[in-house]
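Heads up: the sequence shown begins at 1342 in the working numbering, then just goes up one per residue.
Just so you know, the hints here were simulated from the structure itself, not pulled from any lab data. These figures come from a predicted structure and were not determined experimentally. Beta carbons: idealized from backbone N, C-alpha and C, even for Gly. One thing to keep in mind: the hints can contain errors.
[As the list claims (entries may be wrong)] The following label-pair restraints were derived from C-beta to C-beta distances:
#	residue 1	residue 2	range
1	Lys1890	Glu1459	54 to 60 Å
2	Glu1891	Val1462	48 to 54 Å
3	Asp1561	Glu1891	26 to 32 Å
4	Glu1466	Met1884	37 to 43 Å
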Amino acid sequence: AFQENEIKLLTAEIERLKNFGYLGVSPSLEGLRDENAKLKYRLNFLRKSLQEERSKAAKSMININSCLQEIFGAAIQAAYPDLENPPLVVTPSQQPKFGDYQCNSAMGITQILLKTKEQKVSPREIAEKISKNIPPNKCIEKVEIAGPGFINVHLRKDFVSKQLSSLLINGVQPPAIGKRKKVVVDFSSPNIAKEMHVGHLRSTIIGESMCRLFEFAGYDVLRLNHLGDWGTQFGMLIAHLQDKFPDYLTVSPPIGDLQAFYKESKRRFDTEEEFKKRAYQCVVLLQSKNPDFIKAWELICDVSRKEFQKIYKCLDITLIERGESFYQEMMKDIVKECEDKGFVQVDDGRKIVFVPGFPVPLTIMKSDGGYTYDTSDLAALKHRLCEEKADILIYVVDSGQSVHFQTVFAAGVMMGWYDPKVTRVAHAAFGVVLGEDKKKFKTRSGDTVRLMDLLEEGLKRAMDKLKDKERDKVLTPEELKAAQTSVAFGCIKYADLSHNRLNDYVFSFDKMLDDRGNTAAYLLYAFTRIRAIARLANIDEQMLRRAAKEELLILDHEKEWKLGKCILRFPEILQKILDDLLLHTLCDYLYELATTFTEFYDNCYCVEKDRQSGQIVKVNMWRLLLCEATATIMAKGFDILGIKPVQKM
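Construct the complete structure from the given sequences, taking the supplied hints into account.
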């Protein structure tokens, strides 16, 4: 009876821990024969896991907006228990007189009560009822009702101070995400035998930054480069290779300019009928995996790969190559599955699939038996969902492909590969890069701008800018070189990421290298200035770390308070981007943080000096800690954007 009672208690405790939200990974219970011992072992495992989760959560930054939403969600539930899914609107206040945050749910609840229950209640009355039901919490000092029914929230200073201290002690730790999900991001995706041009810039930069964000947030991220490394164009390239370098199987061909090589083969394909026939024969032999033709294909891919890698190294991009060729063997299975499920129609020899809601069908097999982009994209989608087991799948591809991807994703649902309510499959579309004439960005001769030329031009302009500012006279050659690459590549990335990706944007070196306004040049300079404050006061990292544990961050001055709150908004900014994949929000936030810091620094002395001698007479350590917290957040923001700051600029 005693054992049975203990088993009941242990079982109840395990259920309680499960309901708490931590299921844990079941350890092996082999060797633990009796039920009592198994339950005790499982309980100890769960408790230990839960302690680890709690310890990690204690070090994580708190998303204040989410906390307030939980508090007001509970208050609304208590005030109006019969309401289903009541609106929950909590936003940072735009002006200090309206508090720190606002809950604007009362107006929406008024409308719901009128529609569903025919009750006419003023928003102000609803706001008062919500306010009275706010549960006890650690973050709200007081609430005030303003205007027609806005609830203005004032945060507790000790709460904000404590969160800033935690940030300084533990570093920038993301809020816990629960179950670790797998994210697959498809980005960059240039074509073999063609040089990367300015059109590839956006996908590469945006995709890299998205990966960094998801990785920082604790997701398992797979970065895929869906290279255009298969198809009929390889027939003409191989035929041209055979003619130009007949001994390619034994002597590595010196293909210096692959773009010129591609153009030559294309010209021959368009003008020489005999060459065209041979090119088609080469495609057949390549697809039948003839070893000599596979070798030729690999040689061409390797030349391209080396050129791509130069650009990826400059921009600090990490990718796993998984081109169209990877999915070749899966395509016949895709066609068969579509046929078995009764979705295939034959149209003039082609096999097509109509997807409900889309007028243009997917072509999964051409009349000559060849496969298409539609087939390879379906194969890639299925592999990522069913083999890679992706919970989130993001395609960073230009807006021109929107209808195509919507159709492919809808086909995946129709085939039963995923449920959109469970698995998130998104096309992170982006606009085109424009020149300063507001037309598609091209060279003066009308050619597409080579990406390597663009990066080299950025380096030259960055060095010119640094020399204009006479930085070459105060920095060592190594420091000057580091500043050059930081500014050049940082400015190119930031100019892209600071614009809403859905819009086209104008590429202008003059604007992106301007050290005023919302540019990387301004932010990098602001960052080096902030980092220099403690250094010039002879305060090292060890002293700052000790002070973070001992000093109370005083936030009495309005600019201290404003800066402290701005720093702590970082987690809610990141959560917004994880939801909508719009990275310009992070750029806007970093600019706001830098300008808020400038206001603080202009009004609050961090280091006080004697006006006559210039000697330091007082160090306000809590303000230096605010400087350090600002720099810590900026550094993490830069890291997510793929920008490398320098200590001296």
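Which constraints among the numbered hints does this structure fail? Numbers only, ascending.
3, 4
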